[in-house]
Amino acid sequence: MTIQPIYSKSIPYPLLLLADPYIDMINSYVHESFLYGIPVGNDYIGVYALYPIDETAVEIKNIAVREDHQQKGIGKLLLHHAFSEAKKRGFHEVIIGTGNSSISQLQWYQKQGFEVIGLKKNFFTEHYKEPIFENGIQCKHMIVLSKPIQDSL
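Using the numbering used here, you'd call the opening residue of the sequence shown number 208 and step up by one each time.
Don't take each hint at face value.
To be verified - Pairs of lysine-lysine residues, derived as DSSO-like cross-links and limited to a Cα-Cα distance of at most 27 Å, are as follows:
#, residue 1, residue 2
1, Lys283, Lys295
2, Lys327, Lys347
3, Lys354, Lys318
4, Lys354, Lys295
5, Lys279, Lys354
6, Lys327, Lys283
7, Lys347, Lys328
8, Lys318, Lys283
9, Lys347, Lys318
10, Lys295, Lys216
11, Lys327, Lys354
12, Lys294, Lys279
13, Lys318, Lys328
14, Lys294, Lys283
15, Lys279, Lys318
16, Lys336, Lys347
17, Lys295, Lys318
18, Lys328, Lys354
19, Lys354, Lys283
20, Lys354, Lys294
21, Lys294, Lys318
Source of the hints: derived by calculation from the structure; they are not laboratory data.
Just so it is clear, the structure is predicted and the values come from calculations on it, not from any experiment.
Full structure from sequences and hints, please.
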């Protein structure tokens, strides 16, 4: 599988919406992000958006795999690529945030070596128009995780 840059004329919004259900929020970061995806035909099966925070840190604002391609290692492949790109660009830390209700994502990120470093209280209730529910839990807070780039995945 080849991961390649995605340019603004071909942003795969349906795929990005799997990880972030609010198009206005996606548009707030996608045009300032390094966007990469795995193309298959005229579509993408995986995508991520890498957003520079400052000179040393970058945030994965969105990482998504099409539902019919999940549980096949594509997310891990995208994560490895994100770390490689961040390192090439001179960053030292990768940040990622997930909702308090995103139990499987929180578990997966920690298995990949990320550590919880903070909580953005009421992030989802303040920034999203509609309530988000996952696993029978309302998504209210963003759990922020970090991993130094020198650590291998």
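Pair hint lysine 354 and lysine 294, alpha-carbon separation not exceeding 27 Å: Holds: lysine 354 and lysine 294 sit about 12 Å apart, inside 27 Å.
When you check the alpha-carbon spacing of lysine 336 and lysine 347, does it fall within 27 Å? Given pair lysine 336, lysine 347 holds - Cα atoms ~12 Å apart, limit 27 Å.
Proposed proximity, lysine 354 with lysine 328 (alpha carbon, max 27 Å): With a Cα-Cα distance of about 21 Å, the restraint between lysine 328 and lysine 354 holds, given a limit of 27 Å.
Quickly compare the C-alpha distance for lysine 279 and lysine 318 to 27 Å and report which way the hint goes. 16 Å, holds
Lysine 318 and lysine 283 were given as a pair; does the straight-line alpha-carbon distance stay at or below 27 Å? 11 Å, holds
Given pair status - lysine 347, lysine 327, alpha carbons within 27 Å: 9 Å, holds
If you draw a straight line from the CA of lysine 294 to the CA of lysine 318, is it 27 Å or shorter? 20 Å, holds
Restraint check for lysine 283 with lysine 295, where alpha carbons must lie at most 27 Å apart: Given pair lysine 283, lysine 295 holds - Cα atoms ~18 Å apart, limit 27 Å.
Decide if the proposed pair is consistent with the structure: lysine 347 and lysine 328, CA atoms, cutoff 27 Å inclusive. Distance ~7 Å between lysine 347 and lysine 328 Cα, so the pair holds.
Keeping to a limit of 27 Å between CA atoms, is the pair of lysine 354 and lysine 318 held or broken? 11 Å, holds
If you draw a straight line from the CA of lysine 279 to the CA of lysine 354, is it 27 Å or shorter? Cα-Cα ~23 Å, so holds.
Would the pair lysine 295 and lysine 216 pass a check requiring their Cα atoms to be no farther apart than 27 Å? With a Cα-Cα distance of about 25 Å, the restraint between lysine 295 and lysine 216 holds, given a limit of 27 Å.
The structure is consistent with each of the numbered hints, conforming to all of them.
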